[in-house]
Amino acid sequence: MGAGTLTYAVEHTTTLRYSDTVIRSYNEVRLRPPDRGTQRTLSFALSSDPMTEAASRVDYYGNIVHRVDVTTRHRALSLRADCVVQNEPVRLRSPTRWAPGTLRLDPRLDYALASPRVPLGPSTRTLLDEWCGDDRSFNALLHVADRIRTEYRYDKGATTVQSGIDELLAGGGGVCQDFTHLFLAVARHAGWPARYTSGYVAPKDDQKTVEGQSHAWAEVCGTDGHWLGIDPTHGGQVGQHHVRLAVGRDYGSVAPHHGLFYGDAVAAPPEVSVRVTRLEGRVSERPERVTEMMWNQQAEQQQQWSSDQPASAAPFRK
Amino acid sequence: MESVENRGHRPVRSDEVTILAIPPALASDADECVDDAGTVRPAYRDVLEGWAASTRSMEAARATTQRHFTEHGITFGSPNGKPAAIFPFDPIPRVIESDEWTFLERGLAQRAMALDAFVSDCYTSQRALRNGAVPAHLVYSSSGYLRDLVGVRPPRATWCHIAGIDVVRVNGSLHILEDNVRCPSGIVYALEARAAMTAAAPSLIATTGVRPLDEYPERLRRILERIAPRPWDASIVVLTPGPYNAAYYEHRVLADHIGAAIATGSDLIVHEDEVWRRTPSGELARVDVIYSRVNAEWLDPLVFRPDSLLGAPGIIDAWRRGNVAIANAPGTGVADDKGIYPYVPAMVRYYLGEDPLIDNIPTYDLEKPAQLQHVLSSLDRMVLKPVDASGGYGIEFGHLLSAAQREDLRRRICAEPRSWLAQEMVQLSKAVCLTEEGTFEARAVDLRPFVLIDERPWIVPGGLTRVAADTQTLVVNSSQGGGSKDTWVLER
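Chains as they are written, first to last, in our numbering: chain A, 1 to 318; chain X, 1001 to 1492.
Treat the hints with care, since some could be wrong.
[As the list claims (entries may be wrong)] Here are some of the chain X residues that sit facing chain A, going by a computed Cβ distance under 8 Å:
1. A1136
2. S1141
3. D1148
4. V1150
5. S1235
6. H1271
7. T1279
8. L1302
9. F1304
10. R1305
11. P1313
12. D1317
[To be verified] Beta-carbon label-pair distances, calculated as ranges:
13. G4/A <-> G1151/X: 32 to 38 Å
14. K1368/X <-> R275/A: 30 to 36 Å
15. Y1244/X <-> Y60/A: 44 to 50 Å
Honestly, the hints are just simulated from the structure, not real lab data.
All C-beta atoms in this analysis are idealised placements derived from N, C-alpha and C, irrespective of residue type, glycine included.
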């Protein structure tokens, strides 16, 4: 653990409640933070109530996905991820944009094109021209994030998880998901590979624990191949206080949970609670490292399932 | 004797059998059957000059084939909820000489191998994209490119087990009109067409020397068994969207032919990454192979469309873990994308190192400004197809549009050039068909041969010859009211 390393404990609980008993449910969660760049996951445990088993895989974007099937009758499902994450200080860089045409043969081109939740229409194109003129540099992107933060109001009631960029543009208000989608559209218009990042914002130095929601921001990739975070909700480049969870072309590829169930019931919107605690001092490394090795060797064995939690659910009815 | 003043299409009586004269106007039009000099092509001599020329045999053939189609309930339903209609059938066969067939077989095998290699490449190393053989942005913007499937290794590393590649003849030479490697339909209609013709003209088939089709079901069964996780006891289901699907008849009959059960999504359930089927008696039976006639994005609501009721949650993970095989593999839609079609000849060169034997129809890449301009300025000679539709839906023929409609189309193309494929309007070859009134008419035809890919491709000798609904219609598609003919590949 180098100087300046910060360690966080994250507890992320998703509870799904059904109007009636369901026969079985299938769930996919993306709750395991990756080991990438300056971030390391020291320990991770996923538990569920009702108790069941999970299998994991790595998706197209490099995210770790767990499949959690509950094959017994239940009226609620609770999924809880506990992890300890370490963040090295982020070296601030100023990457160079890809020259026109150079992305043509690169797989990262996939992040520079429109995606289902980030259409590249004329309205976002106009914003790029208006905000940046001819400037397509990394600094221009920081400016875009700043403009989004100042020109749109943070308003939880203005949009839903299904909302598109148009709703943000029309209503002038939204949340981190909408701000990020808008940022991605403008950055992609400017020729940058840009991806959606989900995660958490950790407490600043004077706080020990924050409770709240997941957060979202963007990452852009320059010619040096590094993905750098930009947060259009808070403005500026992402540093050590952002804990990355999953990346994708847009929200559609990073959703922390989605699922289905068999049964004659209706699912309530999932209840999500997130607690991020800054751990002081030196965190004992050994047990986590062991867990980490096991993780790499046989991910399935790593799950610890407990039954001391409320019961569970899926947002969609089959 | 009837009046000799026949106006071309009228029957001429000779002895007691009425001989239908092929009117000169028709002869010059029916280039599939008649050469430039007006002589019936050798392949068609037995059929047109002897058999079809007699009213009695035509009437009998029509009656027999219609009875066959009605008695067997052979339908191709309209998906708009109209009742499924008896598949219109023309009793005059399409005949293909053996030399031409040999050429077609080689060209189709080549194309199918290249398509399969391409799909496999898209979901593994994407070498053609990094080399620029196929533009990467076309794949990344294709609705058929399913990112969740990248990295999956299906059994035998084959993705496209069954391909239906549409072939048309333009100015005398064969061209590929489109590739279907998702859920190509039509083989059962081809088999039924043969059964109907065998009933109607058994001796003609025997004396002409027509290659049989009946190997197809067994070959299909064999390739499905070979990809099964438990090949010694493979339990196969044909997964159908259900009785409301236009091709349901085919799904049902094909299941019978290959000894498979027919199932809809609600009959399947995934338990511990294995797929099980509820049998009609209510028991659960393990499924090894899904012959899927449901497009991939409907297969698994957990991975793709969450609103789909046509599949079952968990199927994709079961497949990913090798506990069930799916044919065609999910994800093959990327090769069906009409935006990719212009690059299939390049795939043949890239993956096989061969020159394509059968070329595409002249096609324009609307994302290249010069080609876009050319298309916009000559819309009246163009056919515009939506890239992700099939069944002949949404196709615009430039010359049929009013000035206002053309302007509207231009606007739609410019707004989303990636969504359209522009092809020059071509005149498809026409074959002699029998009208309701008992006269002859030349109508446009295409051919859908079926390729099965095992270790090497095998092409059923024949296929579905589709016929335009009338002399003027340009789209040849079963969903657009066209009919079909039996396709005879000559033994020599």
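> Tell me, which hint numbers fail for this structure?
Replying inline: 5, 7, 9, 10, 14 and 15
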